[in-house]
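First to last, the sequence lines map onto chains A and B. So in numbering that gives the first Met the number 0, spot 102 of the first sequence is number 101, and the numbers just go up one at a time. So in numbering that gives the first Met the number 0, spot 99 of the second sequence is number 98, and the numbers just go up one at a time.
Read the hints as simulated data drawn from the structure, not as lab findings. All values derive from a computational prediction rather than experimental measurement. Note that CB positions come from ideal geometry on N, CA and C, so glycine has one too. Each hint should be verified, as a subset may be incorrect.
Unchecked claim - Facing chain A, a subset of chain B residues (Cβ under 10 Å, in silico):
id	residue
1	Phe19
2	Thr33
3	Met35
4	Pro57
5	Val69
6	Thr86
7	Ile129
What the hints assert, rightly or not - Over the 12 Å line for every Cβ pair with chain B, so calculated as not near, a few chain A residues:
id	residue
8	Asp3
9	Tyr4
10	Asp5
11	Arg11
12	Pro75
13	Gly97
14	Glu108
15	Ser118
16	Thr129
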Amino acid sequence: MAVDYDPAIIGRVFETTDPVPVSAEAIATFCTAIGETNPIHVDAAAAQKGPWGGITAPPSFAVTFRNGQHFFQHVPRFGKQGFDAGKDVEFGAPIRPGDAITLTSHVKEVYEKTGRTGSMVFVVVRSTLTNQHGEMVAHVDHKFMSRT
Amino acid sequence: MSEVTYASVQIGDTLGPQEFYLSKDQVRAYAKATGMWVPRFTDDEAARKEGLPGMITPGNMSLAIMSKLVSDWIGASGARMIRLGTTYRQPVLPDHTLTLQGFITHKSENDRTAEMDVWVESEEGDRLVIGTATVHFPR
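Please model the complete structure; the sequences and the hints are all you need to start from.
Quick look at the structure:
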């Protein structure tokens, strides 16, 4: 099956969220949930002596930010069922308590692949996270897979 | 244990294995903490209605667990993970023991980075989530 979509969507930003505030409590709750005990993420006094001079969120906190309501309107869909096939994350500036994170999203690529279980279409959406200083915090590439 | 340094890293060096029991309550705690409180991550019966074998672990939680394997390997060395790519191959079912492991696949002298394969393995030895990570060692 040919993959049919408008190539003009590639690279076009379809959504910029409002800044999402990051609280110390949200980072602490996240650390508890994943069993993180590294002092640079959980112990303010120890973190102060660390490389960032204060608490930073674990890198994987970057994937907890949600896209806005426009997300599924602008991401092309193929087949019946969609799956979250994985994420590729590039990490920039660390996330700290008090940050405000904005997500800017675009469709990065669409490709077809034939595997053992048949034909699949992958839609990769890149969300770039930026903090209140304009620093890139992360590029999160969401890989959505549909069977056709 | 001495901290890892760029000079000491060798291709084939291992991360883990770390064995741990992932409980349903821990998955629910993650779902709650990250705004992913949806039935397939919190309730067996609701997940079965969606055709799943029972409640599953959010992909993002698997990513977080793999990220922690890399962070634990980095320790207090001052190195930093700059990239993590994951592929969710099979559902990760809680109330099972998981094994996390990996090994160094590549070193790049020019940019002082090390690349590694990492994965989450089931009790049956299936690699449920696989990934690659890049760690940078500042001078």
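Hints and how they fare:
1. Phe19: holds, 8 Å
2. Thr33: holds, 4 Å
3. Met35: Check passed: Cβ of B/Met35 comes within 8 Å of chain A, closer than 10 Å.
4. Pro57: B/Pro57 check passes; min Cβ-Cβ to chain A is 8 Å, inside 10 Å.
5. Val69: holds, 8 Å
6. Thr86: holds, 4 Å
7. Ile129: Interface hint status for B/Ile129: holds (9 Å vs cutoff 10 Å).
8. Asp3: holds, 25 Å
9. Tyr4: holds, 23 Å
10. Asp5: holds, 27 Å
11. Arg11: holds, 24 Å
12. Pro75: For A/Pro75, whose nearest Cβ neighbour in chain B is about 20 Å away, the distance exceeds 12 Å, so it holds.
13. Gly97: holds, 19 Å
14. Glu108: holds, 14 Å
15. Ser118: holds, 18 Å
16. Thr129: The assertion about A/Thr129 holds, with a minimum of 17 Å to chain B.
Consistency note: the structure conflicts with none of the earlier hints.
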